[in-house]
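Colleague: Build out the structure end to end from the sequences listed, making use of the hints.
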Amino acid sequence: MATTYVTDVAFGADLITTTVTSSGAGVEGWLEEVYSMYGGGPNETIVGLDVEWRPSYSPVQNPAALLQLCVDQRCLIFQLLYADYIPDSLLGFLMDSQFRFVGVGVDADAGLLGRDYGLQVSNLEDLRGVAAEEMGIPELRQAGLKTLARQVMGVSMEKPRRITMGPWDAYRLSREQIHYACIDAYVSGQLGLKLFTGDY
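Taking the working numbering, the leading residue of the sequence shown gets 3, the next gets one more, and so forth.
Treat the hints with care, since some could be wrong.
What the hints assert, rightly or not - Only pairs whose alpha carbons sit at most 35 Å apart, straight line, appear in this in silico DSBU-like list of lysine-lysine: (1) K148 - K196; (2) K148 - K161; (3) K196 - K161.
Claimed, not checked - With beta-carbon atoms standing in for the labels, derived distance ranges: (4) G200 - Q75: 17 to 25 Å; (5) G138 - M3: 49 to 57 Å; (6) M137 - M3: 45 to 53 Å; (7) T166 - L126: 19 to 27 Å; (8) L126 - P57: 18 to 26 Å; (9) Q75 - Q153: 18 to 26 Å; (10) L93 - A4: 17 to 25 Å; (11) N45 - M97: 30 to 38 Å; (12) L93 - G43: 16 to 24 Å.
For the record, the hints were derived by calculation from the structure and aren't laboratory data.
This structure is a prediction, so every number in the text was calculated from the model and none was measured.
Note that beta-carbon positions come from the ideal geometry of N, C-alpha and C, so glycine has one too.
Modeller: Right under this line is the structure:
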């Protein structure tokens with residue numbers, strides 16, 4: 003049974019309105035909201051993108067379990083494994099050039115979405131390269147999200163291993179998993195905004 007609910011996730015002083023759903027209709031509703039608020043603007047809108055999957059201890063990688071998208075302080079966590087359907091509007095959104103999808107290792111994430119669900123992402127940017135260029139620190143090309151957040155935003159992120167390596171394929175995600183998944187996409191989006199506007 004596909005479900006949708008909305009919860010607030012706190013990150014420092016910021017409150018992120020987070021839609022957690024396995025419902026295609028839930029995704030459509032979130033996208034309609036994003037288009038009505040950010041669509042058709044003069045500039046590209048930055049979207050934080052991340053994907054989670056259950057770690058595999060064999061050569062076969064598990065399918066992507068979650069797709070996280072964050073625009074400003076609106077986040078979507080789409081439980082792909084339990085989706086009743088994947089809406090065409092999501093395919094359209096991921097290919098829409100008015101949105102720029104940013105994250106750490108996003109090429110690999112986009113590869114998983116393509117392999118497992120036939121979803122293509124067109125306007126992708128790996129934040130590691132952008133941060134290395136913008137800040138003149140070549141080693142940031144190898145950095146993780148946590149390091150970039152500290153370097154660019156001056157914030158520290160908690161990434162407990164038991165959550166990172168946890169059961170992302172669970173039907174009911176824990177409060178901690180939702181917080182972690184939301185913050186990854188949210189921080190990616192905020193990093194993108196800062197790096198592309200020079201505000202760091």
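Colleague: So, for every hint listed, does it hold in this structure?
Modeller: Consistency of the hints with the structure:
1. K148 - K196: 15 Å, holds
2. K148 - K161: With Cα atoms ~8 Å apart, K148 and K161 stay inside 35 Å; holds.
3. K196 - K161: 22 Å, holds
4. G200 - Q75: 17 to 25 Å: Given range 17 to 25 Å: holds, Cβ gap about 21 Å.
5. G138 - M3: 49 to 57 Å: This hint holds: roughly 52 Å between Cβ atoms.
6. M137 - M3: 45 to 53 Å: 47 Å, holds
7. T166 - L126: 19 to 27 Å: The hint (19 to 27 Å, Cβ to Cβ) holds, given that T166 and L126 are roughly 22 Å apart.
8. L126 - P57: 18 to 26 Å: At 23 Å between Cβs, range holds.
9. Q75 - Q153: 18 to 26 Å: 22 Å, holds
10. L93 - A4: 17 to 25 Å: 18 Å, holds
11. N45 - M97: 30 to 38 Å: 18 Å, violated
12. L93 - G43: 16 to 24 Å: Given a distance of about 21 Å, which is inside 16 to 24 Å, the answer is holds.
Going down the numbered hints, you'll see the structure goes against just number 11.
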